[in-house]
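Can you make the complete structure from the sequences, with help from the hints?
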Amino acid sequence: MSGMACPPQCPDASVGFVHSALAARSLVSASLLSLSASRKLTCLSCVLLLVQWKNWWIRGILTLTMISLFFLIIYMGSFMLMLLVLGIQVKCFHEIITIGYRVYHSYDLPWFRTLSWYFLLCVNYFFYGETVADYFATFVQREEQLQFLIRYHRFISFALYLAGFCMFVLSLVKKHYRLQFYMFAWTHVTLLITVTQSHLVIQNLFEGMIWFLVPISSVICNDITAYLFGFFFGRTPLIKLSPKKTWEGFIGGFFSTVVFGFIAAYVLSKYQYFVCPVEYRSDVNSFVTECEPADLFQLHSYVLPSFLKAVLRRETVSLYPFQIHSIALSTFASLIGPFGGFFASGFKRAFKIKDFANTIPGHGGIMDRFDCQYLMATFVHVYITSFIRGPNPSKVLQQLLVLQPDQQLNIYRTLKTHLIEKGILQPALKV
Amino acid sequence: MVKKGVENQELESEAKADETASDSESRADLCAPPAPVDDTPEVLNRALSNLSSRWKNWWVRGILTLAMIAFFFIIIYLGPMVLMMIVMCVQIKCFHEIITIGYNVYHSYDLPWFRTLSWYFLLCVNYFFYGETVTDYFFTLVQREEPLRILSKYHRFISFTLYLTGFCMFVLSLVKKHYRLQFYMFGWTHVTLLIVVTQSHLVIHNLFEGMIWFIVPISCVICNDIMAYMFGFFFGRTPLIKLSPKKTWEGFIGGFFATVVFGLLLSYVMSGYRCFVCPVEYNNDTNSFTVDCEPSDLFRLQEYNIPGVIQSVVGWKTVRMYPFQIHSIALSTFASLIGPFGGFFASGFKRAFKIKDFANTIPGHGGIMDRFDCQYLMATFVNVYIASFIRGPNPSKLIQQFLTLRPDQQLHIFNTLKSHLMDKGILTAATEDE
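Chains as they are written, first to last, in my numbering: chain G, 1 to 431; chain B, 1 to 434.
Just so you know, these hints were derived from the structure itself, not from any lab.
Check each hint, because a few of them may be wrong.
[Claimed, not checked] Pairwise CB distance ranges (calculated):
hint, chain 1, residue 1, chain 2, residue 2, range
1, G, Glu290, B, Ile150, 55 to 61 Å
2, G, Glu421, B, Glu145, 19 to 25 Å
3, G, Arg151, B, Phe233, 39 to 45 Å
4, B, His420, G, Leu228, 56 to 62 Å
5, B, Ala330, G, Asp406, 56 to 62 Å
6, B, Ser173, G, Leu299, 43 to 49 Å
[Claimed, not checked] Here are some chain B residues pointing at chain G (derived, C-beta under 8 Å):
hint, residue
7, Leu243
8, Ser244
9, Ala387
Just so it is clear, CB atoms sit at the ideal spot from N, CA and C, and this is done for glycine as well.
Here it is, written out as structure tokens:
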């Protein structure tokens with residue numbers, strides 16, 4: 001039975017399939033013993049093809065399941081999305097830490113599992129505290145204890161982190177110094193990658209669900225279309241790290257993703273539900289997405305450049321400005337996003353693992369699905385702060401109200417002069 | 001030798017399961033730690049040739065300590081700009097020391113591209129942080145010059161692009177046999193950047209608050225180092241922690257009290273001078289840094305009632321102190337109680353990687369990192385302390401942020417502020433017309 005030798009360290013799920021395939025094959029082979037050699041060969045190759053297609057089908061079904069789950073969560077609202085992001089972050093952290101334990105055979109290090117989870121909790125507390133203070137300002141102003149927590153938030157987070165640091169130093173055991181330092185560094189790099197990214201995702205989400213959906217969909221679309229283009233047309237290998245990737249897949253994926261992003265942006269920009277910043281209303285005690293859509297999400301007429309005029313036979317076209325931005329987002333997703341995938345591939349080769357974990361049958365772990373998303377969230381966040389919006393107005397107001405009265409008066413006068421200069425405020429008539 | 005045998009066995013079992021990468025690690029473990037290099041300058045050697053080696057060592061350390069302290073005073077005298085540059089140089093040297101240790105541990109000095117990439121990442125992260133600092137503190141200067149204004153407006157985007165370029169270069173430089181080593185060095189570089197660069201920028205933020213916020217914490221840590229050593233030398237008996245067998249409880253506690261007293265005295269002396277107490281500002285007209293202001297409430301003498309128990313001892317009813325001295329007690333306490341954990345961390349690190357010192361830059365003391373290991377957490381603590389307890393948000397930064405908002409948002413904030421001020425009675429209809 002040499003045809004389908006199992007590659008080393010097969011994930012358990014596909015081992016199951018391979019085993020069932022092997023079982024099926026042995027059954028078939030037993031009945032084929034009587035047949036001639038050539039007919040044996042044909043039957044064996046038929047079974048091989050069947051198993052390959054079966055694998056393909058499993059991947060396909062799981063992909064559709066994940067996409068439907070995605071749609072379901074979107075329907076259920078921003079709060080569920082936040083919880084989902086948190087859940088994914090914790091799972092990714094767990095997967096990478098487990099790999100670290102295996103690499104260093106350090107599962108039994110004293111205290112270390114506790115410390116890793118403790119650091120995860122600290123960093124999450126810090127980031128969530130900052131988010132809550134920004135976006136839930138009205139809610140926070142009401143509660144006294146929350147006020148205290150918010151005012152001294154940085155100090156409390158730092159104290160919590162320090163406690164973990166001191167525990168680490170006190171837990172250093174003579175024979176295991178190096179291992180402990182390795183695991184300490186491993187934990188911190190993992191936190192840097194997973195936790196900061198997930199919080200940037202949540203900040204993007206608060207800008208408007210479209211800033212969450214379009215980037216993630218572009219990356220997923222690029223994954224799928226690059227795979228399909230590579231499957232049907234792939235010939236020139238792209239990079240030694242991932243031998244299955246091809247230039248045809250890369251370029252085909254790029255164009256399809258730009259088109260997909262363009263269309264998705266057009267479809268989503270119509271609905272207030274996706275386009276409005278997420279706000280917390282204290283009266284309703286829930287998240288609402290209701291607003292006057294910004295300029296970015298209102299149809300504008302654009303004059304087509306001449307060569308497109310000839311092709312499309314139209315003078316102007318109605319587009320949302322956001323669609324132009326979506327081209328930038330899709331381009332990043334197709335050109336730079338794959339580097340996140342290559343990074344993860346290199347990581348898996350470096351540590352001789354096939355997949356990050358076996359959570360999703362046919363796909364590997366959660367990390368495997370999200371490796372291309374690494375850089376996307378940071379890019380979208382940087383893009384928004386640089387090109388779309390300025391600082392958050394409610395945060396500026398919040399900080400203004402904390403200042404000393406004389407500072408407030410000074411600022412008031414400066415602002416008044418500025419606004420009058422710009423003509424935004426009419427100078428008051430003297431009574 | 002028995003210890004080495006046991007360690008060898010452990011390493012052999014580890015090496016069997018892993019690849020060439022950890023083979024190189026086990027080779028590093030089997031090598032004996034390098035013998036301490038005697039690089040004391042010739043001058044000192046000749047001067048101390050008569051003394052026995054133990055006293056000679058003590059004298060070398062002593063002289064170098066005084067030299068470093070004198071150097072510190074000179075730099076303070078030269079002003080904030082020079083201080084900033086010194087902080088930057090110390091940061092680069094620390095980074096270089098830690099990265100060199102990484103190369104030695106992993107025998108990865110010849111990895112393709114890696115030295116370039118490490119320095120490139122250092123440059124990127126520094127560019128990002130310095131850009132943020134410059135935008136905050138040099139706002140008016142930046143707004144005037146066109147290229148600076150564009151750089152500052154798109155600062156985050158530019159920094160991110162630079163970092164991404166480094167990331168992509170790293171991915172493209174992955175070589176088949178060296179994957180694991182390359183990932184290790186990548187992780188090592190990032191953790192080093194996290195420790196060294198962020199701390200140094202927090203130090204510079206503290207400096208801009210007022211030089212006293214830079215000098216008092218650093219002096220407290222140095223004082224704690226020296227005092228704990230002295231107390232330990234004369235009275236030390238009970239060992240403190242297995243990691244550093246030379247530290248003792250007597251040294252720890254004696255150092256704590258000595259540092260608190262030193263902090264109180266130093267803050268009293270320094271709070272009197274404007275050049276230490278005022279925030280550092282960039283003056284557009286003179287194109288230089290100035291430290292001139294009305295000292296804030298924190299730095300004005302106030303009367304405090306002494307609690308009854310101390311009244312009988314000292315014989316005074318009240319005492320005149322600067323409020324800053326109360327804060328200095330908090331700073332000194334942190335320096336004495338938690339600062340040493342930074343030192344233990346560094347000791348553990350040195351033991352883990354079997355090195356005696358980070359480098360041999362300073363004779364008798366080791367590398368720059370050895371001197372600054374206790375300062376790790378101090379800078380972050382002072383920064384967090386200032387942000388939480390001392391000052392609120394920076395008014396000029398707020399105006400800056402305000403100016404980037406949309407007009408309708410600006411109007412909304414202006415009106416809210418106006419109604420708030422009127423409610424509080426700070427603003428009245430009369431003053432409105434000014």
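Restraint outcome when B:Ala387 is required to lie within 8 Å of chain G by C-beta distance: holds, 6 Å
Assessment of proposed distance window 55 to 61 Å (beta carbons of G:Glu290, B:Ile150): Once the Cβ atoms are compared, 36 Å apart, the range 55 to 61 Å for B:Ile150 and G:Glu290 is violated.
Status of the hint placing B:Ser244 at chain G (closest C-beta pair under 8 Å): At about 10 Å, which exceeds the 8 Å cut-off, the nearest Cβ of chain G leaves the hint on B:Ser244 violated.
Interface hint for B:Leu243, Cβ within 8 Å of any Cβ on chain G: holds, 6 Å
Distance restraint evaluation - B:Ser173, G:Leu299, Cβ atoms, bounds 43 to 49 Å: Roughly 46 Å apart at Cβ, these two residues keep to the hinted range, so it holds.
Distance restraint hint 19 to 25 Å, applied to the beta-carbon atoms of G:Glu421 and B:Glu145: holds, 21 Å
Status of the given 56 to 62 Å range, CB of G:Leu228 versus CB of B:His420: holds, 58 Å
Range hint 56 to 62 Å (beta carbons of B:Ala330 and G:Asp406) holds or violated: Given about 27 Å between the Cβ atoms, the range is violated.
Range hint 39 to 45 Å (beta carbons of G:Arg151 and B:Phe233) holds or violated: Holds: the Cβ-Cβ distance is about 44 Å, inside 39 to 45 Å.
Against the hints set out earlier in the document, violations occur for numbers 1, 5, 8.
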